[in-house]
Amino acid sequence: MKTLRSVRGVSFIAALAMAAGAASAQPAPIKAGQFLDITGGGASAAEAAKLGIDMAVAEINAAGGIAGRKINMISADTQTDPTVALGEAKRLVQQEKVELMFGPVISQVLIAVLPVVNEAKIPQFGATGSEAITPQAAPYYFSVLINAESQAKAMIDQAGKVLNAKSGAIISDSGAQAKSFVEAMKREMEARGIKLTGVQEYQYRATDMTPQLLTLKRGNPDTLFLFASSGEDAGNVLKARDDLGWDPKVTGNYTVATFADAVIRVAGKEALHDTTGLNYTAFTYCDANLLPKPFGEFVTRAKAFDAGKAGRLSLPFAAALYDGVFVLKEGIEGSGKTDGPSVAAWIEANGAKHTGILGPLGATPASHFLVGPTALSAVYPDRILPGGLQQRFGCK
Amino acid sequence: MNDLLIIVVHGIGVGAIFALVGMSFNVVFNASGILNFAQGNMLVLGALFAFLLLPTQPDLLRWFILLPAVAIGLALLLAVQGYVTLLPLRSSVEQHSWLITTLAASVIIGAILLIYQGSAQQSVRSPFTAIRFMGVRIPATYALTTGLALFWFIALHIFHTRVLTGLAISALSQDLDAARAAGLRVRRLQVTAFAISGLIVGSAGFVAAPVMAIANDSGITYVMNGFVAAVVGGLGANLGALVGGVLVGMLSLYAAYEYGGEFQNLVSLALLVVVLMVRPQGLFGRQAARRV
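Protein chains in written order, with the numbering used here: chain D, 1 to 396; chain L, 1 to 292.
These aren't lab readings, by the way, just hints derived from the structure by calculation. Think of the CB as a built atom: it goes at the ideal place given N, C-alpha and C, for glycine as much as any other residue. Don't take each hint at face value.
[To be verified] According to the in silico footprint, chain D covers these stretches of chain L (three or more CB under 8 Å from chain D):
hint	stretch
1	5-13
2	256-266
[Said to hold, decoys possible] In silico negatives: residues of chain L with every beta carbon more than 10 Å from chain D:
hint	residue
3	121
4	138
5	163
6	183
7	212
Whenever a hint applies, use it, and build me the whole structure from the sequences.
This is the structure we're talking about:
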């Protein structure tokens with residue numbers, strides 16, 4: 001009897017030891033901070049960003065994680081407030097000790113937290129467009145958003161090569177990104193020999209752009225370059241153009257295309273005549289029977305993941321953030337490390353090899369914007385398929 | 001020349017909205033000495049009701065039915081705000097906690113809008129056809145806001161000079177203590193003034209909705225320009241608010257046309273500074289004796 005008890009005891013201890021061994025063989029999860037602007041001004045974009053990030057993390061974890069380590073997500077809400085964001089970044093980095101960060105989607109929020117994430121050398125990606133976020137200012141951060149300079153180059157290509165415009169006027173909002181855009185446009189127009197006939201700006205949420213357009217009309221430009229940060233603002237510009245009976249071709253930016261529903265709500269579909277916008281080529285089509293496969297598959301997966309959100313959020317934006325998570329995954333697995341310098345160096349050298357939804361990406365030591373002008377196409381803003389695909393300019 | 005005429009017409013239309021906010025400032029100020037800084041967001045609320053209640057297809061009958069309904073709704077809301085603002089005050093002219101109370105009301109409305117619709121901006125299509133003027137289309141809303149500003153100016157004039165309650169409210173602006181000693185129910189009259197200001201901003205928001213940005217943070221633009229209109233015209237003088245509003249509207253649009261959009265907001269504040277330096281009582285304000 002006593003012998004039997006001893007055998008049972010030894011077996012129990014052995015089982016415990018085996019279980020402990022198995023547990024220790026399981027790599028520790030990677031702590032990742034989901035650093036998004038869930039409330040406040042960036043909320044609508046952040047909600048779509050969250051959908052893309054959540055989908056990517058779920059798929060990566062289901063496939064075994066990053067280099068065998070599951071992602072343990074810790075959420076933080078910046079409230080689109082740089083002061084709150086700084087506190088949240090300190091919590092993630094110093095208390096939670098995250099190794100990666102996903103987000104934010106607002107430039108000024110990122111700029112506020114850079115000292116914290118730079119010091120901790122955290123690899124990070126988000127969707128910010130400010131030119132102030134250079135690799136010098138944010139060495140371990142990458143953006144999946146198109147920056148102002150890339151948009152300027154793509155818009156000049158459209159106006160010069162496609163529309164044969166010899167002159168152009170610029171109208172933009174008064175934000176920091178718009179000012180970067182205007183400077184980039186002036187450089188590009190001079191380089192391409194397109195005459196600049198006037199520059200005007202408006203305040204965010206202005207509803208009457210008539211004075212600005214009357215001024216620009218005096219220069220009689222072939223095309224009007226429109227850089228807006230919200231669909232409503234773009235709609236008000238196009239509505240004022242229509243009311244004035246002025247019909248220069250409008251070469252619009254990314255907002256004109258991706259927030260076309262808001263443009264139409266404000267100005268009506270008729271105000272979009274002779275207007276193009278810009279979009280990631282990956283989210284465009286020419287023939288409705290030949291749709292881009294990666295984005296189509298993403299839409300199907302998004303609907304299966306969360307049908308409610310997939311039905312109302314911007315899926316192209318969600319897809320961009322989804323791709324961003326995979327770029328970081330490849331950076332960690334490629335470099336074999338999770339520290340910022342190693343991951344950033346790998347992405348700078350190998351980011352172009354990424355094959356995701358967005359198509360060819362690229363980062364260099366001089367720019368951490370993953371999407372360049374070659375990945376953009378001019379589109380008809382009002383020709384949208386369910387899911388958000390837009391028809392490229394020139395396609396029937 | 002054509003361009004300038006177009007700017008003038010748009011300026012009058014935009015300025016009429018500022019004039020309406022200015023007049024609603026005056027109604028409350030005359031009765032209580034309070035400047036209600038929640039007026040901008042109250043105007044946005046009026047516009048939000050237009051967004052929520054008007055159908056996407058033009059429906060003039062519903063528009064005419066809803067206009068007084070929204071104005072009355074805002075009047076009730078302003079009456080509640082006025083009651084809460086006045087409640088802790090022994091004298092509305094000697095204590096200044098209303099400054100915090102009215103700003104707090106504005107912040108609360110902005111926060112509710114943010115929670116309700118996020119940072120998105122809503123827009124309303126006008127049920128009225130645009131007006132042709134010198135070969136361009138002018139939004140019919142500008143004609144309506146101009147008409148509404150004139151309507152409220154005349155209505156307030158009649159109310160303050162021919163209606164007993166209006167005369168009593170006018171008496172409050174002369175001397176609160178004397179009015180109280182004469183047996184006037186001061187607090188009730190002051191709450192009534194808040195309600196009348198609600199009628200003005202409620203109707204203004206509803207009518208101006210197609211040319212407004214309906215968002216949680218757009219109230220500041222309207223309250224700032226309405227305040228400038230009231231001060232430039234002379235606090236308490238409705239004719240001043242009417243002229244001041246139109247002046248602010250025309251000057252800001254002209255500045256955008258001639259010097260660039262970046263000067264649009266600057267010019268109204270510059271106008272305020274100049275008028276305060278040259279004529280502190282405003283264009284139509286009366287100089288008042290002050291007890292020292």
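Taking each numbered hint in turn, which are not upheld by the structure, reported in ascending numerical order?
3, 4, 7
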